[in-house]
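A.B. asks: Spelled out, the chains give:
Protein chains: 2
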Amino acid sequence: MITVEAARKLVFETTRDFGIESVDLMESVGRILRESLIADRDFPPYDRVTMDGIAIRFKDFEKGNRRFKITGVGPAGEPQKELTKTDTCLEIMTGASLPIGSDTIIRYEDVQVENGYATITVDKVRAGQNVHGKGSDRPQGSELLLSGYQINAAAIGVAATIGKVQLKVSKLPKVIIISTGDELVKVAAKPLPHQIRKSNVFQLSAGLKHLGIKADQRHLKDDLAEIKEVLKTILKEYDVVFLSGGVSKGKFDFLPEAMDQLGVEKLFHKIKQRPGKPFWFGQYESDGATVFAFPGNPVSSFMCAQIYGMPWLKKCMGYSDLEHKFAKLTGPIHFKPDLTYFAQVKISTSQTGELLATPIEGNGSGDLANLVSANAFLEVPRGKDIFETGTILPFLEIV
Amino acid sequence: MITVEAARKLVFETTRDFGIESVDLMESVGRILRESLIADRDFPPYDRVTMDGIAIRFKDFEKGNRRFKITGVGPAGEPQKELTKTDTCLEIMTGASLPIGSDTIIRYEDVQVENGYATITVDKVRAGQNVHGKGSDRPQGSELLLSGYQINAAAIGVAATIGKVQLKVSKLPKVIIISTGDELVKVAAKPLPHQIRKSNVFQLSAGLKHLGIKADQRHLKDDLAEIKEVLKTILKEYDVVFLSGGVSKGKFDFLPEAMDQLGVEKLFHKIKQRPGKPFWFGQYESDGATVFAFPGNPVSSFMCAQIYGMPWLKKCMGYSDLEHKFAKLTGPIHFKPDLTYFAQVKISTSQTGELLATPIEGNGSGDLANLVSANAFLEVPRGKDIFETGTILPFLEIV
Numbered sequence: 550m551i552t553v554e555a556a557r558k559l560v561f562e563t564t565r566d567f568g569i570e571s572v573d574l575m576e577s578v579g580r581i582l583r584e585s586l587i588a589d590r591d592f593p594p595y596d597r598v599t600m601d602g603i604a605i606r607f608k609d610f611e612k613g614n615r616r617f618k619i620t621g622v623g624p625a626g627e628p629q630k631e632l633t634k635t636d637t638c639l640e641i642m643t644g645a646s647l648p649i650g651s652d653t654i655i656r657y658e659d660v661q662v663e664n665g666y667a668t669i670t671v672d673k674v675r676a677g678q679n680v681h682g683k684g685s686d687r688p689q690g691s692e693l694l695l696s697g698y699q700i701n702a703a704a705i706g707v708a709a710t711i712g713k714v715q716l717k718v719s720k721l722p723k724v725i726i727i728s729t730g731d732e733l734v735k736v737a738a739k740p741l742p743h744q745i746r747k748s749n750v751f752q753l754s755a756g757l758k759h760l761g762i763k764a765d766q767r768h769l770k771d772d773l774a775e776i777k778e779v780l781k782t783i784l785k786e787y788d789v790v791f792l793s794g795g796v797s798k799g800k801f802d803f804l805p806e807a808m809d810q811l812g813v814e815k816l817f818h819k820i821k822q823r824p825g826k827p828f829w830f831g832q833y834e835s836d837g838a839t840v841f842a843f844p845g846n847p848v849s850s851f852m853c854a855q856i857y858g859m860p861w862l863k864k865c866m867g868y869s870d871l872e873h874k875f876a877k878l879t880g881p882i883h884f885k886p887d888l889t890y891f892a893q894v895k896i897s898t899s900q901t902g903e904l905l906a907t908p909i910e911g912n913g914s915g916d917l918a919n920l921v922s923a924n925a926f927l928e929v930p931r932g933k934d935i936f937e938t939g940t941i942l943p944f945l946e947i948v
Numbered sequence: 550m551i552t553v554e555a556a557r558k559l560v561f562e563t564t565r566d567f568g569i570e571s572v573d574l575m576e577s578v579g580r581i582l583r584e585s586l587i588a589d590r591d592f593p594p595y596d597r598v599t600m601d602g603i604a605i606r607f608k609d610f611e612k613g614n615r616r617f618k619i620t621g622v623g624p625a626g627e628p629q630k631e632l633t634k635t636d637t638c639l640e641i642m643t644g645a646s647l648p649i650g651s652d653t654i655i656r657y658e659d660v661q662v663e664n665g666y667a668t669i670t671v672d673k674v675r676a677g678q679n680v681h682g683k684g685s686d687r688p689q690g691s692e693l694l695l696s697g698y699q700i701n702a703a704a705i706g707v708a709a710t711i712g713k714v715q716l717k718v719s720k721l722p723k724v725i726i727i728s729t730g731d732e733l734v735k736v737a738a739k740p741l742p743h744q745i746r747k748s749n750v751f752q753l754s755a756g757l758k759h760l761g762i763k764a765d766q767r768h769l770k771d772d773l774a775e776i777k778e779v780l781k782t783i784l785k786e787y788d789v790v791f792l793s794g795g796v797s798k799g800k801f802d803f804l805p806e807a808m809d810q811l812g813v814e815k816l817f818h819k820i821k822q823r824p825g826k827p828f829w830f831g832q833y834e835s836d837g838a839t840v841f842a843f844p845g846n847p848v849s850s851f852m853c854a855q856i857y858g859m860p861w862l863k864k865c866m867g868y869s870d871l872e873h874k875f876a877k878l879t880g881p882i883h884f885k886p887d888l889t890y891f892a893q894v895k896i897s898t899s900q901t902g903e904l905l906a907t908p909i910e911g912n913g914s915g916d917l918a919n920l921v922s923a924n925a926f927l928e929v930p931r932g933k934d935i936f937e938t939g940t941i942l943p944f945l946e947i948v
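Protein chains in written order, with the numbering used here: chain D, 550 to 948; chain H, 550 to 948.
The following block holds chain D by itself, in its conformation from the complex:
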């Protein structure tokens, strides 16, 4: 039995890059960018007018003129206009290119337009005002976004601006989730008294959906021959296998044995933690499937997926938000066993900018219904029994 720290290290050591693929712009939301986005033009690409009003030469204003003959109108989307004569102006719209020969925009609010003339009604005018200078945000050729960025709405805006109809992103791994346990029946079924419906596979599948992964599903009977037969192919066809159940000391917990016989290298079995102690983890050849065999208890399976499985997938794909955050306990935690305790907590924020962790009471690893009240697992370290209110501890958010 190894420590959480050692388990985490072994898990992260097997991470690998699943490669890169190109997807359509709108399909890339939430994915991890795998190319740099470079400004194809200056940002903005021309001296951009930022207020509706008139374009003038500042020199004309400076020498005292306030009344300007209007020689035309410049809407956005038309080729750049030109101001040819002194003491004239052009009406100009937000988004338009600053007319040649002009340098300053007076907004309509500060101008009176009458009989083809615009009269400036304010005394304070700054040379170059209301113009967003060509290249002043980012010059052409500059890096707007780096590889590794998780694509959000702002990134989509940047990509569209530079003409990217497709983006290179981290490929999603091929994942299968396998339930085991002869007591399990389909969701649509009416279970007999000694049966329960499958839930872990759906729970795990829902978690993966947050990473954009659509996992396949399969059920295996508690039968060594069948398990071996089916896994033999799966280990070659998938990047990742999530298993649920079959890893404890029971007479029908065949998974460790099956893995051994199939040549999957066991990296560890059992962690000094609660819940999720019987978690089995291994690797099939160097580029075959990575196998996460979670305990069958719903809370154990869920916790191991959230603490080890999802971070592993995120690291493979290049997510950068893998660090624990820290929160302050709003109530004490008592925990005696010499195990790392992943306590179900509700993280909230205070009006003073603090992260607070409120322990959610539950009945242990079988209490599935309790999980819906928590939004994080607090990682309570070994070596101490009592954690008083106010103690600051690390947590990982549940997805």
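In short, the hints are calculated from the structure, not lab data. A few of these clues could be false.
The list treats identical chains as interchangeable, and a pair is accepted whether it falls inside one copy or across any two copies.
[Said to hold, decoys possible] With a straight-line cut-off of 30 angstroms between C-alpha atoms, the simulated DSS-like cross-links for lysine-lysine are:
hint	residue 1	residue 2
1	863	874
2	763	717
3	933	777
4	815	864
5	800	683
6	558	785
7	612	558
8	618	798
9	683	739
10	798	673
11	723	763
12	777	800
13	758	895
14	874	895
15	863	777
16	720	763
17	874	758
18	720	758
19	777	885
20	933	558
21	723	815
22	735	800
Following the hints, position chain H against chain D.
C.D. replies: For chain H alone, coordinates are given in the frame of chain D:
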């Protein structure tokens, strides 16, 4: 021009329920639950064995017996067994039903099995140990999840357990995003010097994707007749219209006029805020489209969508995470105008459990490229010019 507080109030006053629909279990991830989930059986549904080992009568142990004849094996998934004779035991597996006549489980680790007998090797045994009592988590008929819950992996697990193949969730509104501005060209196009590519519609669309909404898209020329003609139908066909551009003082900013002529009630035009001052908001009849006409600047459009549009949609659909959070400034903010300032910040967390807001310098409402560095808008109130390092201010996360 109204305050941010007044604008927010008017926006939220138009929220309405778009109704309820049933979707398949796995399609419901991320949606808002609109029914209560009730335990169809006890949780757990039977006295559930939680360790692999042997099932005994505690009375036998109490009276001094340590050696038990094994009369059978009870795997999970088989009908409940029975322990008929004193001083016998059944081998029993995790997930199985506690055999009739037994009450206590001794795990394999504390037992020696040899020649058909199991000998208990520990002195401490608690009556009823390693049994997860029928109904001890939740009794049949109890509410496991309430309407209004945002469906996550844990909720999917609960729903599967009680046999829900479909869930009732909040319907998604029908949304269209319309760009205006003759300077805009397609993403795939090579813009002329005075043109730019469309980006706001994609940015807005990406934001809506986080709510599960697939918005339609459309572009309108700066032409009053065309705008009116097209909007006439759209106002009846859609629940929500997001417009970008055409709401300032320009000669070709026809939207306010078009809205007025089409009978859309203007609830406000212009807010005392930066960016996003020219935001126009209205309602078409009581059950027609709600119109968010955002300013055309990329940052303004984005900020108004994040601060008003998305929270409005979330409130309509029943999301509960609409409150601001609070963070501590890591650097000062200087802002003179008598406007609420939505500062782009990067929110991070400290190892002491604090939320920190680091201002991201930018070039104002046109600086699209800067947005990718921020993950929240800090709401900096009016009435003060300088906010020192350490000041605690509210923020809304960017999606």
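A.B. asks: Each of the hints needs a verdict: does it hold here or not?
C.D. replies: These are the hints, each one checked on the structure:
1. 863 <-> 874: both (16 angstroms within a copy, 26 angstroms between copies)
2. 763 <-> 717: Both, since 19 angstroms and 22 angstroms are each at most 30 angstroms.
3. 933 <-> 777: The answer is neither: 42 angstroms in one copy and 70 angstroms across copies each exceed 30 angstroms.
4. 815 <-> 864: The answer is within: 21 angstroms in one copy meets 30 angstroms, while 49 angstroms across copies does not.
5. 800 <-> 683: between (73 angstroms within a copy, 24 angstroms between copies)
6. 558 <-> 785: For residue 558 and residue 785, the Cα distance is within 30 angstroms only inside one copy (24 angstroms; across copies 57 angstroms).
7. 612 <-> 558: neither (73 angstroms within a copy, 48 angstroms between copies)
8. 618 <-> 798: Answer is between; shortest inter-copy Cα gap is 20 angstroms, intra-copy 92 angstroms.
9. 683 <-> 739: between (68 angstroms within a copy, 18 angstroms between copies)
10. 798 <-> 673: Classified as between; 20 angstroms across copies, 83 angstroms inside a copy.
11. 723 <-> 763: So residue 723 and residue 763 pass the 30 angstroms test inside a copy (8 angstroms) and across (26 angstroms) alike.
12. 777 <-> 800: within (16 angstroms within a copy, 74 angstroms between copies)
13. 758 <-> 895: Answer is both; intra-copy 22 angstroms and inter-copy 26 angstroms each pass.
14. 874 <-> 895: both (13 angstroms within a copy, 15 angstroms between copies)
15. 863 <-> 777: within (29 angstroms within a copy, 48 angstroms between copies)
16. 720 <-> 763: both (12 angstroms within a copy, 23 angstroms between copies)
17. 874 <-> 758: both (23 angstroms within a copy, 27 angstroms between copies)
18. 720 <-> 758: both (14 angstroms within a copy, 20 angstroms between copies)
19. 777 <-> 885: neither (39 angstroms within a copy, 71 angstroms between copies)
20. 933 <-> 558: Classified as within: same-chain Cα gap 23 angstroms, cross-chain 50 angstroms, threshold 30 angstroms.
21. 723 <-> 815: within (21 angstroms within a copy, 51 angstroms between copies)
22. 735 <-> 800: For residue 735 and residue 800, only the intra-copy Cα distance (24 angstroms) is at most 30 angstroms; the inter-copy one is 64 angstroms.
Hints 3, 7, 19, counting from the list given before, are not met by this structure.
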